[in-house]
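> Please work from the sequences and hints to get the whole structure.
One letter stands for each residue in the lines below.
Protein chains: 2
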Amino acid sequence: MDEIFTHIEAHADECLARLKRACAQPSVSAQGEGLAEMADLAAGMLRDVGFSVELVPTDGAPVVLGRMTGRGRRTLLLYNHYDVQPVDPLDEWTTPPFEPHVREGKFYARGAADNKGAIVSRACALEAYLAHRDALPVNIVWVIEGEEEIGSPHLAQFVAQYADLLRGAYGCVWEAGGKNARDRYEIALGCKGLLYVELRTRGAARDLHSALAAAVESPAWRLVWALDTLKDPDERVLIPGFYDDVRPISPAQRRALTEWDYPEEETRALYGIVNFLGGLSGERLKEHLIFGPTCNIDGIHAGYTGPGSKTVLPCEAYAKVDFRLVPDQDPARIAALLRAHLDAQGFDDVEVIAREGEPPSAGDPAHPFVQTAARTAERVYGHRPALIPMMSGTGPVHLLCGQFGVPMVTAGVGYAGSRGHAPDEHIRIADFIAGTQYIAALLEELSI
Amino acid sequence: MDEIFTHIEAHADECLARLKRACAQPSVSAQGEGLAEMADLAAGMLRDVGFSVELVPTDGAPVVLGRMTGRGRRTLLLYNHYDVQPVDPLDEWTTPPFEPHVREGKFYARGAADNKGAIVSRACALEAYLAHRDALPVNIVWVIEGEEEIGSPHLAQFVAQYADLLRGAYGCVWEAGGKNARDRYEIALGCKGLLYVELRTRGAARDLHSALAAAVESPAWRLVWALDTLKDPDERVLIPGFYDDVRPISPAQRRALTEWDYPEEETRALYGIVNFLGGLSGERLKEHLIFGPTCNIDGIHAGYTGPGSKTVLPCEAYAKVDFRLVPDQDPARIAALLRAHLDAQGFDDVEVIAREGEPPSAGDPAHPFVQTAARTAERVYGHRPALIPMMSGTGPVHLLCGQFGVPMVTAGVGYAGSRGHAPDEHIRIADFIAGTQYIAALLEELSI
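Chains as they are written, first to last, in the numbering used here: chain A, 5 to 452; chain B, 5 to 452.
Just so you know, these hints were derived from the structure itself, not from any lab.
Keep in mind that a hint or two might mislead.
For chains that are exact copies, the list does not tell them apart, and a pair is met inside one copy or across any two.
[Claimed, not checked] Calculated cross-link-like contacts (lysine to any residue; reagent style SDA-like; alpha-carbon spacing at most 25 Å):
1) Lys24 with Val53
2) Lys110 with His213
3) Lys110 with His387
4) Lys110 with Arg210
5) Lys24 with His213
Dropping the structure here:
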């Protein structure tokens with residue numbers, strides 16, 4: 005194994021150059037920017053490593069499907085996405101998001117952590133492995149989609165077509181993950197679900213002088229009042245039935261949660277907050293973070309928001325709201341409950357546009373594949389990793405793995421300070437190299 | 005008088021050319037754009053008509069002060085402002101806001117109605133009057149400030165210096181006003197007051213992945229919850245003490261209100277609304293419009309508000325809120341009540357920035373100067389105008405007139421469809437000419 009690890013270190017610059025090319029290509033799914041170009045780039049990268057590659061069309065961005073045959077009967081699934089989050093607020097980036105820069109051992113670019121870094125790292129790991137071994141120990145099916153950041157709206161089309169490929173997989177190495185704020189490696193075994201909605205209110209035909217607020221209804225106020233009925237200041241979601249389907253935490257999950265040494269102080273410092281939400285800490289904080297469903301305002305807008313003052317009665321208002329869901333909450337059912345709740349509260353004038361929905365999927369820390377991944381991490385990182393039954397973020401785990409009973413483990417190259425989804429997204433180059441070694445080591449473990 | 009009216013009609017094109025020059029000069033006080041240039045332009049216009057003009061400096065934009073001596077002992081005050089509202093949303097303008105266009109008898113530009121149209125109209129009226137009479141029947145003091153749209157923050161400096169000029173005035177012709185949605189001329193006798201505040205909340209040091217909503221407080225939610233405590237869906241302001249100083253409507257004011265034939269149907273059609281606020285109509289609607297204080301959200305912003313979806317926990321949120329006040333509500337006292345209320349409700353984390361305050365001032369429909377103005381309107385427009393004790397908008401009436409006991413009447417060239425403060429602001433050229441004749445006729449009435 006040492007010769008493979010050394011190979012990876014010796015070829016780090018080539019891998020970073022590859023990452024630079026990948027990150028220089030914009031691929032913002034929310035804005036439909038550069039997706040076809042990025043799919044081609046990813047496909048080319050997989051072909052260079054020896055994959056047979058198809059670009060599977062969907063009604064949205066194409067899915068890159070790579071296949072490579074190995075010695076054994078087992079199939080390992082790899083999942084990544086080649087799209088990235090929008091870059092705004094653009095003026096808060098130190099260097100432009102699509103012009104990768106290396107500063108003080110860190111690689112800065114949109115997508116560096118989430119998750120082009122992981123794509124390139126995996127390609128480099130496979131290349132290094134094959135430079136020193138005759139063949140892969142397992143078959144590999146690599147799925148790289150282009151719409152993860154907008155909720156994978158067309159991935160089901162791919163899954164319907166290739167269900168047989170997915171169904172029999174031994175396990176899946178998921179995107180995301182890496183090191184926590186105490187620099188300990190963490191492996192997540194599932195994802196929260198998501199319901200993303202837009203709430204819209206409308207008033208007069210156009211913006212009016214705010215003096216008319218005495219006689220004309222305000223869509224901004226309607227929106228505020230409607231939002232207020234969704235959650236109270238104690239963070240309790242007020243939609244009747246919202247918590248009905250929440251499944252109790254299993255004993256194995258509870259044990260994994262207890263064993264998880266969550267770096268509270270470092271995380272608070274990192275985010276620049278004095279306290280966690282509602283003063284949470286310890287077991288209750290971890291439980292809320294991993295098993296607590298949320299209702300978050302991603303954005304809200306009405307009227308004049310520029311400098312100085314303008315007295316205007318806005319003619320429309322909207323809010324983008326996401327609900328993170330836990331097993332067995334169903335996004336379609338939550339959307340229906342939301343609509344019914346608004347109607348019951350007298351807000352039938354509030355339009356609800358349900359933009360995305362993904363079911364949640366939590367994992368079993370005791371599964372053999374999970375234990376193999378944990379053993380590998382211990383070997384590469386020098387400590388036993390935390391096993392987190394479900395990450396607080398969302399991805400199509402249920403669609404690709406959960407529904408087929410395939411266990412998953414995350415493997416990423418980011419760390420707690422990576423600023424995913426935010427300005428100055430970056431990875432540490434040392435993490436990038438170690439993450440590459442981890443994938444190679446996992447292959448070796450699977451060959452045993 | 006006929007020869008003066010004919011003169012005004014014959015010189016309409018020259019006056020419109022003058023208006024075009026005035027509206028082509030941006031002068032957005034909220035953004036500090038073009039104010040000095042516009043002050044010079046206005047001063048030049050007054051000099052052309054025969055005024056002796058001073059540009060009175062303040063800590064903000066200069067005040068244009070014009071003086072002309074007439075035959076009589078009475079002094080008539082004219083008040084206007086040369087600044088305009090911001091132009092956004094820019095993409096909703098049919099033609100650019102600072103490139104005046106005439107279409108179908110209408111003159112489009114930012115400031116056409118509010119209120120460069122009135123400034124030019126007055127200049128043209130005085131010019132026409134002096135072309136056919138030896139001298140003005142009254143002395144005129146013309147005050148044109150440059151910060152009305154941001155609440156006249158420095159006008160008090162001018163007033164302190166020239167209080168003696170203002171104190172003895174017989175009456176004041178105010179800016180604003182014109183025809184209602186039934187094309188009837190209306191005269192307002194005062195203004196509501198204003199308190200304009202910005203509410204700000206802050207969370208983490210930067211925007212975070214929205215998955216962290218399970219553990220990190222959201223400034224967007226804090227803002228929504230804080231706003232919700234300010235007003236309930238029945239439009240009742242919930243700040244304790246808010247209504248304490250509201251003075252009862254006088255019998256003369258009540259009579260004027262009853263006589264006012266408010267064009268409900270036309271106004272609803274104009275604004276594109278099905279019903280007035282809370283289903284109000286008749287006397288209650290008029291009372292609310294004129295004597296009801298308001299609490300309006302001018303703008304609200306947090307997080308991602310672009311196309312598609314982005315899952316983000318915003319690190320800050322803000323709302324711009326205006327309160328329209330009625331006698332004897334005091335903006336400073338309301339600001340203090342707001343702060344105390346938020347603190348009492350547990351929102352001491354919500355920052356309140358009080359941007360502007362102006363006291364309200366309501367007028368007496370029975371005052372002789374008001375009756376003169378009404379008689380003049382009847383002569384020019386062919387019908388008895390409504391006398392509205394207080395307009396629902398705001399201006400520094402108290403500062404310039406109310407505190408000195410000087411009565412005021414509005415005289416403008418706009419109409420209900422003028423889209424003041426909004427895209428496609430415009431006036432009808434016929435109204436512009438009639439408004440010019442009205443000023444000339446008022447001078448004639450004052451000579452008797």
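> State for each hint whether it applies.
Here is how each hint holds up against the structure:
| no. | hint | result |
| --- | --- | --- |
| 1 | Lys24 with Val53 | within (17 Å within a copy, 68 Å between copies) |
| 2 | Lys110 with His213 | between (50 Å within a copy, 20 Å between copies) |
| 3 | Lys110 with His387 | within (23 Å within a copy, 77 Å between copies) |
| 4 | Lys110 with Arg210 | between (48 Å within a copy, 19 Å between copies) |
| 5 | Lys24 with His213 | between (50 Å within a copy, 23 Å between copies) |
Checked against the numbered hints given earlier, the structure satisfies every one of them.
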